[in-house]
Amino acid sequence: KNEVEQSPQNLTAQEGEFITINCSYSVGISALHWLQQHPGGGIVSLFMLSSGKKKHGRLIATINIQEKHSSLHITASHPRDSAVYICAVSFNGNQFYFGTGTSLTVIP
Amino acid sequence: EPEVTQTPSHQVTQMGQEVILRCVPISNHLYFYWYRQILGQKVEFLVSFYNNEISEKSEIFDDQFSVERPDGSNFTLKIRSTKLEDSAMYFCAGSGQGNTEQYFGPGTRLTVT
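For the record, the sequence lines run as chains A and B. Just so we're aligned, residue 1 is where the first sequence starts under the numbering used here, counting upward by one. Just so we're aligned, residue 1 is where the second sequence starts under the numbering used here, counting upward by one.
Chain B on its own, in the form it takes in the complex:
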């Protein structure tokens, strides 16, 4: 069964550094999402992406964040200058159509020190 993969599984970075989190969605999926979950808190929506552009973004997704799908397979989330409060688990998800079942990746744990 196809699955969503994310790399790395754990990233440790210093405050102020740039990080890129990578996701490889299921190949025939068209809608892509990033979520984050701060330890002990609920999952939060960051951004949705369709047809090579952002469909919707939350208040969390400020100018420090960006997404792209450079080669039609990888879907990346970049944080330009990390802050301590960016420490969280970041999940990528995809779906074949909008408003249908989403398939989640295993997550990347980001630790900002």
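Okay, chain A solo, but in the shape it has when bound:
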């Protein structure tokens, strides 16, 4: 069974700060997803990674397959970034294991 751990569980930042959220998993995977869950409950996919690094706007996601670790970075954070960020992994593309999420609050 693949365990997915995220840190920190909760994060409060001032607007403009650089934010890092971490995800570690216990066995080899085929892909890792970063998701954003809004306060209303809706889920949006941010990234799907199998290696390396991806960037979209102010968001950057990296993965180190050997260390079984991924990070999500937010540059120049903004209050609208406040949400729960969830890491999910798949080792066969069909079954997924989710982290407990990191609750981010960005204060103006």
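Hints were generated in silico from the structure; no laboratory data involved. For clarity, every value in this text was computed on a predicted model and none was experimentally measured. Be aware that one or more of the hints could be misleading.
What the hints assert, rightly or not - Distance windows between CB atoms, simulated:
#, chain 1, residue 1, chain 2, residue 2, range
1, B, Asn-51, A, Gly-41, 27 to 33 Å
2, A, Thr-12, B, Thr-111, 30 to 36 Å
3, B, Lys-83, A, Glu-17, 40 to 46 Å
4, B, Asp-71, A, Asn-22, 40 to 46 Å
5, B, Thr-5, A, Thr-105, 27 to 33 Å
6, B, Gly-98, A, Gly-52, 15 to 21 Å
7, B, Gly-40, A, Gly-57, 29 to 35 Å
Positions of the beta carbon are idealized from the N, C-alpha and C atoms, including for glycine.
Model the placement of chain B on the given structure of chain A, informed by the hints.
Just chain B now, kept in the frame of chain A:
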């Protein structure tokens, strides 16, 4: 931009009743998923579905659960005899290929009383 829709947004049912949760995925998607999230807990995988059959299912997805895509558009999750512990938000998702970005629906909140 195409989106995944789910109906109803909120379903209240009595214990022991059958419920059907409906999802309309994006039309060119081929892989479909159901997830649930009990209030205050993490998202959990239920089942994946491809080519009109289940690809993978979790331990949660027991004989009380079933999925189907009867008409090539709707993707449904049926719970035959609901239990109190089935109360959760249920999300449908789809992707164009396996192991690619998934598009989530807004969720159906199921309350079993």
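Here's how the hints hold up against the structure:
no.	hint	result
1	Asn-51/B with Gly-41/A: 27 to 33 Å	holds, 30 Å
2	Thr-12/A with Thr-111/B: 30 to 36 Å	holds, 32 Å
3	Lys-83/B with Glu-17/A: 40 to 46 Å	holds, 44 Å
4	Asp-71/B with Asn-22/A: 40 to 46 Å	holds, 43 Å
5	Thr-5/B with Thr-105/A: 27 to 33 Å	holds, 30 Å
6	Gly-98/B with Gly-52/A: 15 to 21 Å	holds, 20 Å
7	Gly-40/B with Gly-57/A: 29 to 35 Å	holds, 30 Å
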